[in-house]
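Residue numbers (the numbering used here), protein chains in the order written: chain D, 53 to 394; chain U, 1275 to 1453; chain W, 192 to 643.
One or more hints might be untrue.
[Unchecked claim] Below are the DSBU-like pairs computed for lysine-lysine, each with C-alpha atoms no more than 30 Å apart in a straight line: (1) Lys561/W / Lys1394/U; (2) Lys439/W / Lys561/W; (3) Lys119/D / Lys561/W; (4) Lys190/D / Lys622/W; (5) Lys439/W / Lys262/W; (6) Lys1335/U / Lys323/W; (7) Lys1390/U / Lys1335/U; (8) Lys561/W / Lys1366/U; (9) Lys622/W / Lys217/D; (10) Lys265/W / Lys217/D; (11) Lys187/D / Lys265/W.
No lab work stands behind these hints: they were computed from the structure.
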Amino acid sequence: MKITIDGHTIEVEPGTTILQAARMIGGASVPPTMCYYSKLKDCGGKCRCCLVEVTKGSERDPRPMPKLQPSCVTGAQDGMEVLSGNSQRVLDARKAVTEFLLINHPLDCPVCDQAGECNLQDLAMTNKDFKSRFKEQKVTTPSEDIGPYISLNKNRCILCYRCVKLAEQLTPNRVHGVLYRGDHAEISAYIHNAIDSDFSGNMIDVCPVGALTDRTFRFQSRVWFTKKFNAHRDCPHCSGKVVLWTFGNDVLRVTARKDEFSEVEEFICNECRFDHKKKEDWVVEGPHKFGKNSVLNINNNALAAPKEVEIQTEKLTLEGRDVDRKKISMKDVPMAHLEEKK
Amino acid sequence: MERVIIKQFTQQVNITDEVMARIGELTSHYPEGKQKSALLPVLHLVQDAHDNWLSVDLMDKVAEILQIKPIEVYEVATFYSMYNLKPVAKYKFEFCRTACCSIRGAEDLMDYTCSKLGVKEGEITPDGLFSVAGVECLGACGYAPMLQLGDFYHEHMTPEKIDELIENCKQGKVEFYSE
Amino acid sequence: MGKKILTEKINIPGIREYDVYRQNGGYKSVEKALKEMTPEQLVESVKASGLRGRGGAGFPVGMKWSFIDKKSGKPRHLLVNADESEPGTFKDRYLMEFIPHLLIEGAIVSSFALEANLSYIYIRGEYMFVFKILEKAIKEAYANGWLGKNILGTGYNLDLYVHCGAGAYICGEETAQIESLEGKRGNPRIKPPFPAVSGLWNEPTVVNNVESIASIPWITLNGGEEYAKIGIGRSTGTKLISASGHIKNPGVYEIEMGMTVDEFMNSDEYLGGMIDDRPLKALIPGGSSVQILPPQYIFKTANGDDRLMSYESWSDGGPVTGSSLGSGGFIVYNDTACIVRNTWNLSRFYHHESCGQCSPCREGTGWMEKILYRIEHGQGTEEDVDLLWDIQANIEGNTICPLGDAAAWPVAAAIRHFREEFEYHIRFPEKIKNRNHFREEPMEKVRQLLVK
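Go ahead and model the full structure; you've got the sequences and the hints to work with.
See below:
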């Protein structure tokens, strides 16, 4: 099956969605996603960020689709032609969706732990000249205590339903859901105040905004000041593959590893996430790399594994001139050294 | 929308045999294993049997009876506007105030009723008997202005008819649930 | 007198009871369908009738039926949509309240045509008294062998139940209704898959409006071709119109499609003209979700043709100078009505009823309501009207279900046709303090203020 997106033609399997095809192509054709999550079933179609214009339905029925289509839930057809990043209509619609998502969002990024790794920030950024026209009072919802591990801020929630789908599909007993309706809809556990199951922590990772954040990491550090390392441990519950967010010798936070579309690669258990905050518990593999434009890379340039950092520092100090000389040839600098190890 | 601090309200949950039998009848309307489908009718039923509102305990009980998770009941109960999540007045005057009723004077009539009862919209009279609320279209547009009281519609309302209705309520002469 | 199909027998005393209904020819179509016809013949007959869905969208019923997946062998269902919540529409309630057996008869024949053995009537929770009327009527139908196992000895089994909602306009949307019947929140599903393939409990389901289903017995007895002879063009048959607002005789009327709007509005047999003979200011022809029209486009189209009561004629001119017959909810406004207040009122309705699933509708409906509230209460600014226009355009077409469009269209049409009223509200806040300001000073009297 062939599908053409922004002029790039690609061969895909039947059952592929437009979004998946666009992700295979990559670049500016990839629609932004706020609610879709490839690792969760029936997740998507709600935020309308990924709208695309279908200019040709298929080889069999070439009529264009009059409405913009949500690419995450629209299946590719043979011969389909789609405009994503190349259509002004699409870009305008996405801009409108961004505006809608932001009108009731508190915009409290300065005190939000998600800042720097927030999909909504990134989405707003792609719209460049953004000027809010919203003068009314925002809808606000009091916060709710859902236990010692996860902090819930309902005002920041954009109702992507990811955490609900996750709780349904990954944990045995879902205790939270979406309550009320319309712009008063909110994520809540109603009166039960603890969301506690072996995999509940993954809600933090799938949340695209700062509605669900790690309570143990609350106000510990801005994410871009931390150094991030891939690490693993033998875990009886999950893959044990994580990212350690460290500051000096302290592990401030443990999360699952995310791919270039900021989706978790493998979900991790709460034990790995919350109970192993010592470097000794982990086998450190090396620095974790984020997307090209992510602010999170800022501290990861020329990084070495934490133990080696200490040793290297000493070495570097002692062997000053020698290292400088070698750097010119870029042969033995720590980065290159690490690449090999990987 | 008014936020409710749910925990402060409690209710004596009492599912009588009669109610239980009716729940059994309602669930029998759906195929085996689809008993969750009966949730909306069952919530109506237990709400009617419990002073017209649903406490958390009552919803938990419904979840237990229908063998579903409590959160599934909360999600539904908070979504639909006819479920009351806190105690309500015995006589809830619910005025339709959407377009057609509005242009035929529903708002003026609501103001009249509020001042007659000495309450603001949404408040309950001190004796717990009356409250006045504006609701969205009830499907009686041609018979405006109108209000809903219990299961029944009172249509072509006038201030005089409101007076009469209030009087009848006070004397307990008003039908509330249809047969 | 026009032809009556649905309301022909509605005035017979006691027609709500089974015995009276049966004595007056009730359930004959079930006998004919089950004994003399095949499901395919029934579907063909409905296709030939040209009957279009009476819920608002006007999609041909026969075509919808032919899409149902019979190949998979999964159980099939008919879901009768009685969640009538569109402001201005109260026709289904009228049918169900006064002649409930007609709907049940139609539901049996339709279920047979779809080869469904388990069907439901989904009625809105506010119609609790009608719910109980229907429940009683269904019991009577069971007792008389029209429902249950081996109906009329033909081997056909059908269970029909009535299910009540609990106050949510969105449950009138077919996939939201299915979700609601499954005991969930009324969040519309993403299509495809369409309900005809994967609906109730992921089984093939057809959702039809009460009025559509109630037309089936007549079509079955008289043939689809006969039905197609009534009406005009692709708007065949009769239509129930719920009329409300500033008219002399509000109520439900059955009309033959193709009648002129002028006759319907002004003849004594129907609406009887305007109340107190005040001038007509605006009209919504198909329930609150369709475009409001100013007087110059009500009786005539933009081309100068007579406007007729039909799907095609009402949509002549598109959204710019036309509207839509929709669900047949006729709301008539005279010069005392304030279009700004009315638009705010409708926006409040859609804001209240948005399910909150997709962002444009969830956020946009609330935003529009807040702006309209400000304008109506004298705090509007000149930019607000253009902003409203932008917001509605950003919602329209970009949502999961048609509620987004339904919220956007009334605002767009009000601004398109009555922009001067918005400007009047913005520029003269002291004049609009009283919500009934147009009663004392209709727009005609104050229009010159805007010119200065």
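Can you confirm whether the C-alpha distance between Lys119/D and Lys561/W stays at or below 30 Å?
holds, 27 Å
Are the Cα positions of Lys561/W and Lys1366/U separated by 30 Å at most?
Measuring from Cα to Cα gives roughly 27 Å; hence the hint holds.
Satisfaction of hint between Lys1394/U and Lys561/W, Cα-Cα up to 30 Å
holds, 22 Å
Taking 30 Å as the top limit, are the C-alpha atoms of Lys1390/U and Lys1335/U close enough?
violated, 39 Å
Under the criterion that the straight-line Cα-Cα distance not exceed 30 Å, is the pair Lys190/D, Lys622/W satisfied?
holds, 29 Å
CA of Lys439/W to CA of Lys262/W, is that 30 Å or under?
violated, 53 Å
For a C-alpha distance cap of 30 Å, please report whether Lys187/D and Lys265/W respect it.
Between Lys187/D and Lys265/W the Cα gap is close to 52 Å, so the pair fails against 30 Å, i.e. violated.
Are the Cα positions of Lys622/W and Lys217/D separated by 30 Å at most?
With Cα atoms ~52 Å apart, Lys622/W and Lys217/D exceed 30 Å; violated.
So if I understand the rule, the pair passes when the alpha-carbon distance is 30 Å or less; does Lys1335/U with Lys323/W pass?
holds, 25 Å
Would you mind confirming whether the straight-line C-alpha gap from Lys265/W to Lys217/D stays at or under 30 Å?
Answer holds: Lys265/W to Lys217/D is near 27 Å, not above 30 Å.
Restraint check for Lys439/W with Lys561/W, where alpha carbons must lie at most 30 Å apart:
Measuring from Cα to Cα gives roughly 34 Å; hence the hint is violated.
Hint compliance for this structure: hints 2, 5, 7, 9 and 11 are broken, all remaining hints hold.
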